[in-house]
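Chain A is already provided as a structure; the job is to place chain B on it using the hints.
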Amino acid sequence: MVFLSNAVSDTRLKDKNESGQALFSTCVYGSRWTKEPIPKYSLPEEEMPSHIAYKLIKDDLQLDGNPVLNLASFVTTYMEEEAEKLMAENLSKNFIDYEEYPVSVELQNRCVNIIARLFNAPMDNPEAEAMGVSTIGSSEAIILAVLAMKKRWQKRRIAEGKPTDKPNLVMAASVQVCWEKATRYLEIEEKFVFLTEGTYILDPVKAVELVDENTIGVCVILGSTYTGHYEDAKTVNELLKQKNEENGWDVSIHIDAASGGFVAPFVNPDLVWDFRLDLVRSINVSGHKYGLCYAGIGWAIWKSKEYLPEELIFNVNYLGSDQASFTLNFSKGAANVISQYYILIRLGRAGFTSIMKNLMEIADYLAQKLEDTNVFDILSDRNGNGLPLVAFKLKIKDIHYDEFDVAQRLRERGWIVPAYTMAPHTQHIKLMRVVVREDFSRERCDILLQDLMATVELLNKLDKDTIFKKRTSTANWNLLKSVTRATFGGVKNESHKTNGVC
Amino acid sequence: MVYLSRLISDSHLDKEKEVHGSEAFSTSVYGSRWDIEPIPKYSLPDNEMPAKIAYKLIRDDLQLDGNPVLNLAAFLTTYMEEEAEKLMAENISKNFIDYEEYPMTVELQTRCVNIIANLFNAPKNDDAIGVSTVGSSEAMMLAVLAMKRLWKKRREAEGKPTDKPNIVMSASVQVCWEKAARYFEIEEKFVYLSEGKYILDPEKAVELVDENTIGVAVILGSTYTGHYEDVKAVNDLLLAKNKKTGWDVPIHVDAASGGFVAPFVNPDLIWDFRLELVRSINVSGHKYGLCYPGIGWALWKSKKYLPDELVFNINYLGSNQASFTLNFSKNASDVISQYYVLIRLGRQGFTSIMENLMGIADYLASRLEATKKFEILSDRNGNGVPLVAFRLKAKDIHYDEFDVAHRIREHQWIVPSYTMAPNIQHIKVLRVVVREDFSRERCDLFVADLMHTIDYLDKVDKETLHIKRNAGRNWKALKSISLMTFNSQSHKTNGVC
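So the sequences go chain by chain: A and B. Heads up: the first sequence begins at 1 in this note's numbering, then just goes up one per residue. Heads up: the second sequence begins at 1 in this note's numbering, then just goes up one per residue.
Okay, chain A solo, but in the shape it has when bound (with noise of 0.2 Å):
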């Protein structure tokens, strides 16, 4: 059967609208909006088509960077199609609409129970059953975290009589910057432990030496974002313990996995950091990095219902049932939990440590690569016994040119390798990162192996005055300027971390 055409007369041809543009243009570049610069400023005063629309944006994210050779963000950047699909189909789903969607809630207690037991939390007393929740990102459930230290700290300073107003943190010079965010932002004050040469970690010695009274927490970090190592909690879990045993305190520690947590347990299953140390009360992970989900799901776990202070947990009668709520944000999208949940069901762990391994065979591979070259020293640690990353700085000290142009110099062939100082206090040694993430095979790892010689052989070879040309004139170049962005150049930077390397 053919479908009728209907033949459009002359007179309906000729129909203009008032501005003199022929309104039947159905093709999207034969359209006037193809010509008209696409609103940016202010609400447009017309409709357009939707497929007009559609095409318009999609061609402008035509220049959003190939994710595949980004090298620099562990923020997975692959799923599998089922995957895709399962969250296309959930997108109009609110989390947080119990009443509506019981069944995308259900999906969150499933991945908190098992993510609660991949980080051995206590499961013998129906009393005091581990709790947890989802989160955008780790972001969020470290600022719940510290919420709940915080309100714990103060309860037991208040039932002492003692003053309440100058609670800290301790932690590495190394953290991601949301612990500086939520210290901020909490009014907490930071007690930082300094990096020292060649120790690009917390020292659990001095960690538990800068627990004072004050002290609402002290903070571990399972794959640091500047070297991926992972700190020792074990120690710190020892050493607190006796402070707080000789001081009659309490301070917890909380572990930061944001991305060890989905990487120990599978590859390192001996190390011993998680719910398994009497003091870890608390940890986060992204779900994001390692829980190999897109962005936009974390984790925050507490040991127990004990740790989470009631005061901070809202009733809430959310249309028609009743909730409990403790997070920052209320209404998100139901795709990304229940993206979480078909990784965790899909994979199991046999799944987790297959990929875990490759990658870290991967990553001990690139280590070696970059050794054998004789121009690089490496940082990061081997055997499983930190993240699937390499970070690495040249060797030679008396050259002309730096880390920041090697990583300039190969953003210029695609890849995106940052270049980033240490944390304080070892910002004078520079250093390159390259995170090792699903989608990173051996063959790409050659591939980049190969360009970066190749970058370091130019280099070489270019005198100290067109290096520093380029140098400047490189700030210069964006792709985009955009709107907002120069407001906030100038400013001096408050924090002593320059860079917020993540």
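Treat the hints with care, since some could be wrong.
Quick look at which bits of chain A chain B covers, simulated, 3 or more residues with Cβ under 8 Å [said to hold, decoys possible]:
id, segment
1, 182-194
2, 326-334
Subject to a maximum C-alpha distance of 27 Å in a straight line, what follows is the list of computed BS3-like cross-link-like pairs (lysine-lysine) [claimed, not checked]:
id, chain 1, residue 1, chain 2, residue 2
3, A, K357, B, K52
4, A, K85, B, K41
5, B, K153, A, K191
6, B, K303, A, K40
7, B, K152, B, K189
8, B, K124, A, K40
9, A, K191, B, K164
10, B, K189, A, K151
11, B, K86, A, K55
12, A, K85, B, K52
13, B, K152, A, K155
14, A, K162, B, K160
15, B, K41, A, K305
16, A, K166, B, K152
17, B, K153, A, K151
18, A, K85, B, K86
19, B, K41, A, K357
20, B, K164, A, K166
21, A, K155, B, K189
22, B, K56, A, K85
23, B, K152, A, K162
24, A, K151, B, K152
Quick list of simulated restraints, FRET-style, between CB atoms [said to hold, decoys possible]:
id, chain 1, residue 1, chain 2, residue 2, range
25, B, E158, A, N125, 49 to 55 Å
26, B, P161, A, P126, 42 to 48 Å
27, B, E410, A, S42, 44 to 50 Å
Since the hints were made in silico from the structure, they are not lab data. As the structure is a computational prediction, the values presented were derived from the model and not from experiment. Positions of the beta carbon are idealized from the N, C-alpha and C atoms, including for glycine.
Frame of chain A; chain B shown alone:
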């Protein structure tokens, strides 16, 4: 062309049977062993499972989620065009915070901020500033943080104590205001409601302002009754008080629902940056901004209302950026969807939709009134967001609004019932939110079912009703594992959203 099929030999089959038992070669989901085993709920399964099976098992579970079309409780958007969904699905792998990798995606945020700031009449001679958030909760918290910091700095400069900040707001604020106040240790000074007065009384509000007040929150579109609070009156009174006392207390407008309604349906209403003391506004992209859940906006009139100390300059993955949000990594698809909606609809599109919704809301209100069984509490003619809040007219009957909600749930409609905010908790209300896909046809169906419900309840005797009430409490589609009960600490037992 016909693809070659592979024959599975006997020896191959035997080997598989050895390993997997009789379900070995069932690639059909329901024939596989995963269909009869309980789906993993408590701990990580030891083995992998095929992607298709994982997908289907989860999808089947999710079939028990509700049908959003009959959910008249939520403000949140449940319908978007196919092209919008396609755009979101294509960009779901992008991490919004990665400016180096996805500069265009971040550029789209900038455009949205510009468009929305202009919609809210940000002054042309200054640079308004804004950010995308995951929802109004985050946006509000950022605004509160900014107000608190500015107040603190002022007080410190005056050598005065900064230990007792407070914020003035109506008792009908959404629960996230209470969260913000509690998490950031700010005292809440409530303007309580009274019978007939369901929103902020400007005089009472300004009366409560003292030297420790960091700001006054005014709601554009109350979640209880949809009313727009009188921002202009608060502004005028507060200006006078500021002048008299030498203070500088600002106003923050919580336009979570109203921000994308008022400018189109009620353009003469002055509530935004045109008012001198309005320094920050939040709006939800996922309510009348017509996007799926996960997008909100926080806007400040000018950079000077965003203290520098709260903004973090970071070198993230190779490029310098300023960051002032609670969430860091998040999905880019939500920001992109907001931009799609803004350019797709334009002013004309938004106006058509909002006027339609208003029309339907007014129609529903008049039909309910015509039944003589209900009293309407919400406003009409565009003086509030498109929703209808109503209660039973008759007082001395053996059932109440909660029973009505319960019974109509059995017809599949979700219509929440709740008690009003303090101090009028004796008033019970039912509320229908008119969203984009609530057509007039559906409206008529709803009214029919509602009347059936009332008929039924009129006939049922008191005892049966009592039994039903108690039974309904235990009956739940699922008993979730961690549905723990916490004793309510808040003075509000109902946070309605």
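Exercise. Hint by hint, which ones does this structure get wrong, listed from lowest number up?
Worked result: none
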